[in-house]
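These are the residues of each chain, in order.
Number of protein chains: 4
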Amino acid sequence: MSSIVNHFPTDDDKLHEECGVFGVLGHKDAAAFVALGLHALQHRGQEAVGIVSVDKDEFYAHRALGLVDDTFSDGEIIERLKGDIAIGHNRYSTTGDTLLRNVQPVFADLAFGGFSLAHNGNLTNAATLREELVQKGSLFQSTMDTEVIIHLMAVSGQKDPLDRLIEAINRIKGAYSIVACGENLLVGVRDPLGIRPLVLGRLSEGGYVLASETCALDIIGAEFVRDVEPGEMVVITDQGIESKKPFGTSGHRFCIFEYIYFARPDSSLEGHSVYEMRKNIGMELASEAPCEKADVVVPVPDSGVPSAIGFAQASGVPFELGIIRNHYVGRTFIEPTDRIRHLGVKLKHNANKSFLKDKVVVLVDDSIVRGTTSRKIVEMVRAAGAKEVHMRISSPPTAHSCFYGIDTPSSEELMANKFKVEEIAQQIGVDSLAYISVDGLYRAMGETARNNDVPQYCDACFTGDYPVELTDKDNDDGNGRKVAVLHERQVKSR
Amino acid sequence: MSSIVNHFPTDDDKLHEECGVFGVLGHKDAAAFVALGLHALQHRGQEAVGIVSVDKDEFYAHRALGLVDDTFSDGEIIERLKGDIAIGHNRYSTTGDTLLRNVQPVFADLAFGGFSLAHNGNLTNAATLREELVQKGSLFQSTMDTEVIIHLMAVSGQKDPLDRLIEAINRIKGAYSIVACGENLLVGVRDPLGIRPLVLGRLSEGGYVLASETCALDIIGAEFVRDVEPGEMVVITDQGIESKKPFGTSGHRFCIFEYIYFARPDSSLEGHSVYEMRKNIGMELASEAPCEKADVVVPVPDSGVPSAIGFAQASGVPFELGIIRNHYVGRTFIEPTDRIRHLGVKLKHNANKSFLKDKVVVLVDDSIVRGTTSRKIVEMVRAAGAKEVHMRISSPPTAHSCFYGIDTPSSEELMANKFKVEEIAQQIGVDSLAYISVDGLYRAMGETARNNDVPQYCDACFTGDYPVELTDKDNDDGNGRKVAVLHERQVKSR
Amino acid sequence: MSSIVNHFPTDDDKLHEECGVFGVLGHKDAAAFVALGLHALQHRGQEAVGIVSVDKDEFYAHRALGLVDDTFSDGEIIERLKGDIAIGHNRYSTTGDTLLRNVQPVFADLAFGGFSLAHNGNLTNAATLREELVQKGSLFQSTMDTEVIIHLMAVSGQKDPLDRLIEAINRIKGAYSIVACGENLLVGVRDPLGIRPLVLGRLSEGGYVLASETCALDIIGAEFVRDVEPGEMVVITDQGIESKKPFGTSGHRFCIFEYIYFARPDSSLEGHSVYEMRKNIGMELASEAPCEKADVVVPVPDSGVPSAIGFAQASGVPFELGIIRNHYVGRTFIEPTDRIRHLGVKLKHNANKSFLKDKVVVLVDDSIVRGTTSRKIVEMVRAAGAKEVHMRISSPPTAHSCFYGIDTPSSEELMANKFKVEEIAQQIGVDSLAYISVDGLYRAMGETARNNDVPQYCDACFTGDYPVELTDKDNDDGNGRKVAVLHERQVKSR
Amino acid sequence: MSSIVNHFPTDDDKLHEECGVFGVLGHKDAAAFVALGLHALQHRGQEAVGIVSVDKDEFYAHRALGLVDDTFSDGEIIERLKGDIAIGHNRYSTTGDTLLRNVQPVFADLAFGGFSLAHNGNLTNAATLREELVQKGSLFQSTMDTEVIIHLMAVSGQKDPLDRLIEAINRIKGAYSIVACGENLLVGVRDPLGIRPLVLGRLSEGGYVLASETCALDIIGAEFVRDVEPGEMVVITDQGIESKKPFGTSGHRFCIFEYIYFARPDSSLEGHSVYEMRKNIGMELASEAPCEKADVVVPVPDSGVPSAIGFAQASGVPFELGIIRNHYVGRTFIEPTDRIRHLGVKLKHNANKSFLKDKVVVLVDDSIVRGTTSRKIVEMVRAAGAKEVHMRISSPPTAHSCFYGIDTPSSEELMANKFKVEEIAQQIGVDSLAYISVDGLYRAMGETARNNDVPQYCDACFTGDYPVELTDKDNDDGNGRKVAVLHERQVKSR
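Chains as they are written, first to last, in our numbering: chain A, 25 to 518; chain B, 25 to 518; chain C, 25 to 518; chain D, 25 to 518.
Just chain A, with the same shape it has in the complex (with noise of 0.2 Å):
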């Protein structure tokens, strides 16, 4: 029968990140400005968006699913949101039918006042202290761990609002951050051991700027001021910016993820060009693992393009595009024959043929999830004649799954927690296989190795080495209080 339902992989064999912030104080155009950020941003999260403004004490929010563009590409809606001070959200959802009400920022009518939030990254108690506000007495509207931190303001005793929502996030554990803003007041907070990117910035008009990631200042002409640090919270008013670090700080544990593949090679993150270290990881690769015999260093694109430039840079080889995206791949298309499925990678991916035909290919990626998308595009790229398939990964395995907010696969599902290398090399076609060593990532990066006492990045994913306590993991012993859950739909019908 040819009815058979089915999604097309199309990226589920990336890693994703879960969100990207933004925030402006001080300019009269701050929701324009967060749209944009937030569009610069859009590589961190594209299943919905959401903008809250603050004009004096009146709070105005927009929320959509979909991009940045659809949107907030409209004047008429950014007119709407009125104010000098305004936050937004990119959110990546990991359920299939994501929800209005778990779109982010969160917005609440607190005793003080409003009070909105958006946050970037996941708190590994969240489940825990949900559990004991539901006790208590509070409602929760979403699934979403950011409304944790909004009702531990409400309950909080403090009368300052800073000081409730320092007395919240004492509370949370993970990695997380924060764009808040409340009546005159935009506030930044990253976790105690700086996991999530924050940068801070200034318009040259006045004004400062909250953002996941450089590029979004760039895209409005911000200039980079500094990271927000590890452990500090940012308070920025009329008057100008305080710095707090009210948390406690724990060291320094960058996500070394956000270098392989999640920010955007034009951002700058805590000190480091993007593009230059992936660069840097594909020559360090080219001499641990070489392919002299090679004729041609193809890309797996976009995400493999600056190392495999790098790669081709040390290795002399030279750097082509064997495989050409497609980026007009939208929605994934739903099939009704088996014949047709079968097609699915070709949506994007597409090998250069006439170019690969009888030629050694040493192909670069960033790295390797499941599998299935790699063992296809293996194929592809034999079936367009290549004599030799190589393949080097600008990671080291990603062997274990993620609590700080990169929706990961359980490790089950992870192929490199399962098989030996050689094995991989086998399972998905290639001649050779090598990722990239720890240590070789950690000399990439300007290190002389990892440091295992004190390790100088979060590398969870590849070491298994969870510098952030995990707590409703392990408290889970399947007997904890069951959440209700309310399956809608809603349609604006007028």
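Bear in mind the hints are in silico, worked out from the structure with no lab data behind them. These numbers come from a predicted model, not from an experiment. Treat the hints with care, as some may be off.
Identical copies go unnamed one by one, so any copy, or any two together, can satisfy a pair.
[Unchecked claim] DSSO-like, lysine-lysine: derived pairs with alpha carbons at most 30 Å apart:
(1) K160 with K197
(2) K411 with K383
(3) K497 with K183
(4) K160 with K183
(5) K506 with K183
(6) K268 with K183
(7) K52 with K400
(8) K197 with K268
(9) K183 with K106
(10) K52 with K106
(11) K506 with K160
(12) K372 with K52
(13) K52 with K80
(14) K183 with K80
(15) K506 with K80
(16) K497 with K80
(17) K444 with K411
(18) K52 with K506
(19) K497 with K269
(20) K372 with K442
(21) K80 with K160
(22) K317 with K372
(23) K506 with K106
(24) K411 with K372
Guided by the hints, dock chains B, C and D onto chain A, whose structure is given.
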């Protein structure tokens, strides 16, 4: 200049009921029955509609702006609302911009599990309770009264869900008919004075029904069992019905305006046929304020028809359709010019010109609120050539606002609050005007007169005698805590 | 299995008019007036609506599925329809899937300039003409009769647009009221027998109006001038009105069913008030087929109301609203189960239970088509406790299909074509049934009887006497050229 | 005042191909394959898309504005497009307001049956033919060239559909690649000079494919058979392929700009790999206009990448991603203020700041049209700290408009038509600027030089040498028949 935007004043001169409620337990088609019941109750609210169903411990919801049929005529949506328990709600909203999060039923994940609730009516101490709850840390997501009830349940110290509901209801004041559902549970509650209606029905195949009016039992072929009593809580489970009276009762003051205008003429409420009561009022009016020289009795359609029939039968003057109503009136026209704006009233009503010419006409209508529509209708009837126009109103003068669930203009806008009957007659341009007297109204209801010591009905809109304390109104010194408002637009772009 | 999809048979047992037309010349608010006029004519067609306006030599169009108000209440849309000439059309479609390209008015870029046209009615030689035109090279874009007329204009050898129109109309046969516009030109045409209505009106500020019924003049405050005459072409320009009769006339056979059911009761057509004619029919029916023992006369709302009033007045039996109609009926419900499907008729009508109990009821309706609705209504009235149910129909038996613009089922589906009156009575379950006689109907219209030699009206649906040749039907040997059909779905995704 | 509405000039400085076409015969998944093929051809047109399928003598169509995936990823839509023959079309429209009736394929009910047709290219005598057809009575429904062809078929005296098509094509002039289908028939036609591409492919399971480029064969796994030849008509039926040359051929002048910019780099056209040709051009450019002191070769992404790789390889200067492109650019932003408008170009491109600092940069782009984007990109690269900026363009100066299917601005807007190379260099702010020479371009294509007597390609946009007569342009004295235009908005409200 020709681009003044204007909304035609279509129905703005009518009072509006704020809601209809409906619930079913014990039938696999529960959600479909709720959709049909809400369809039959559509006259009680046309701006939004929602249904929540319960299947074991899973809850399903669907809410939409617009009419029941716009959304719930879709069989696929109904099938998604699983389970044999369901409740639903039709909303009439007083604000122009109804948000989906303000659409009932509300749902909450409470410590004991899920719970959902909808009500028809209005709480007179909602703002006071909300302020108290926010101070203690409750986060409100809507501006609905209904959310107060569920927060009161959330912070209750009681273990049992029903005990929490009883504790919550003991805190609220006002007029309310509630339907609620939890796991294996359907609950109906009427306020201690029974101001708003709620009836209980039974399905022939088994299963119980709660509805605002009996016409909603008819549509699904359910048998009428009895009215829920003032101050009664009926708890319906698979084991049957249990009746409780945990709130105290303080009399019986059913809203008399339900008979005059709100309820559907084919409903029976509190033992009276609505159609017969309206005809009785018309007859009583004919005897109190006859018009011997009249050639025809003409109803203002549709609400004036039953009392006009009564008036005609009692007076012997023929009943005729002198005004035709266009039932295809949808959105209000936004018209570019003054010239066209003045045509407004004709979108809905047209005089039966050839018929009214040279006649002495008795117009029968149910009420005069601001007087704007009445003036235009009289003008239209005169323009059609009527020799004389006499107006008879099947209610006493509406001189006081309702705080019990009816959307009334402020008393300054009520014509009868500012002017004497003769002044009103002059302003709307009639040759004579008469309202039924308060005692006449009670006589039509089968009483000998209004019992001024313990009145039989709530007639506050006519008499100003408010049977339930107006806490919020009395407390309103303008210095209360201000609610931080989020002006939100949500868009589901895919 | 519970997933059978079904549409409730809401109005499928009524005959449907296929269209309403409206045109204005000489007022800057032309398009707004057309929108209002079409609103007043909404009862003549609810599936689609279109307006074309002319501003010098530029034409503007807007078409949509659904009701007039759904689209044209939007002032911005109206403002885009520039110019002081405009025509519009309401469509009732016989196919489930109305396509926008089948929505009138049609427009064409002819050799002399633009021209637009809409009509109410049906051509009886459209297929024959279409085949001839296609053979010569005309490309049809729709399946509408109306497109035949504009193609005939396109291939005409005449120079002058009006001469082309006259030539085209001389080729067509059937019943048609046309409104058309070109540069500086509004044209109205009625077929030689005047089967379908068309009236001429004047705006007080200057400017002329053409409309299907007078109720559409009332809504914009236009003065009724006269009916357009059978076979007349009125040509309206800035210079005034010119009347032509270039088609020959062959009598005067206005559709008598317009009085019985289609037209709005507040319209006057051909010198008669529709409301009065309906009351007269009810009175005549009361004298032809009285029911002395009846307790109440109950109309099937809304169409049966005027004749029920006439019946009640003539018979002295009180008129009562024994059946209540729900006016919020929108889309038909798609219901998952048989159990619910059987509830169908109640979506629209409900018996006034407490009132009908133990009564002898005379039900008055305007016609019986397939009999399905009648049977359900009788059943409902009996279930409400009526002692006896007698039905009186304000038209003769509908035994023949209409080919002149009314959507009638094939004759095999017409109950009166297959059964005698007594058989019908038995099948719909009444104690007695009577239709008005053909001569009685003519008496109600003010005639002494039907003039069988030269009948005063088109009554083909009752008598089978078709006044215009049925060319397509007579030619249909099943061997004609087959139309190549494109099944199209269009989506405007942005 | 801050409310000036503006569209960011995103891609308006690129030339746009007007269409992509695709057809399949002989596979049950025909419509699904067409959807996938159009997905692969999305770069040739992004504004609208349509598919027509044929199942015996029934035709099915679906058209929509927007991208292929927006509509045709829906399996239900594909399943409605029945039959084993289908054709489709991607449209790039030059007008802001694309109407659905201007979306191809066109369909017509001709005397012999249904026929549907789509084309890529432009007719140079369409207006002249349209005027002639309208004078004889043809009614045009669109403003598309394509409709002229089908009207010529309709009025043809020939009996056989193919003879009609041949007669029609013999009347038209211009550049066109046509796919068409009728009952049991798929047809492909290329214009006598073969200006636009069209390739033939075969499915492994049987069935044939026509496509604008080979990349669309790859996506469905079809084997490339050969290019359709200039002036060839291929007629595909269940019996196989028949080739005809009924139009005469006049040489071979394939559009050279397809290699420079339009075609996808993974396509092979007329025996050349597009990617290799681009690299060759970059190499040739490096030899014609080297830049010895350069530190880095930076492409303007994405179109400049292959020639930049060629330039880098030939010159030994490292290739680097100095400019990052954001692929999530959707609708153009409508921005409220000047301040924000000036940020425009950054929506799509951002300089890789940390990398460009103090570098001597060679920017490689494919063309300069108006020069606006180039100026902004140079500005951005300088702002990032580049020491010198040298620009190299992989095409000769674009000094003439295209009349063969490419959307070019009028010649007055073409920078190279008004200014010398040095002037352009100054205006866009570069330290040096060089275009490849015409002969250099031909050398890169494998020729020794342009054969000025019988040029090997169409290069009219560079040389002004137009190989096909520009009838409409030459006839345009401003006194021709004016087309009566209907400005239409259609809304499908349900």
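Against the structure, the hints:
no. : hint           : in the structure
1   : K160 with K197 : both (20 Å within a copy, 24 Å between copies)
2   : K411 with K383 : within (5 Å within a copy, 38 Å between copies)
3   : K497 with K183 : between (33 Å within a copy, 28 Å between copies)
4   : K160 with K183 : both (20 Å within a copy, 12 Å between copies)
5   : K506 with K183 : between (33 Å within a copy, 16 Å between copies)
6   : K268 with K183 : within (18 Å within a copy, 42 Å between copies)
7   : K52 with K400  : between (50 Å within a copy, 25 Å between copies)
8   : K197 with K268 : within (18 Å within a copy, 46 Å between copies)
9   : K183 with K106 : within (27 Å within a copy, 45 Å between copies)
10  : K52 with K106  : within (8 Å within a copy, 38 Å between copies)
11  : K506 with K160 : both (16 Å within a copy, 25 Å between copies)
12  : K372 with K52  : between (41 Å within a copy, 24 Å between copies)
13  : K52 with K80   : within (12 Å within a copy, 45 Å between copies)
14  : K183 with K80  : within (20 Å within a copy, 42 Å between copies)
15  : K506 with K80  : between (40 Å within a copy, 13 Å between copies)
16  : K497 with K80  : between (42 Å within a copy, 27 Å between copies)
17  : K444 with K411 : within (25 Å within a copy, 48 Å between copies)
18  : K52 with K506  : between (45 Å within a copy, 25 Å between copies)
19  : K497 with K269 : within (28 Å within a copy, 46 Å between copies)
20  : K372 with K442 : within (28 Å within a copy, 41 Å between copies)
21  : K80 with K160  : between (32 Å within a copy, 25 Å between copies)
22  : K317 with K372 : within (29 Å within a copy, 38 Å between copies)
23  : K506 with K106 : between (40 Å within a copy, 20 Å between copies)
24  : K411 with K372 : within (23 Å within a copy, 37 Å between copies)
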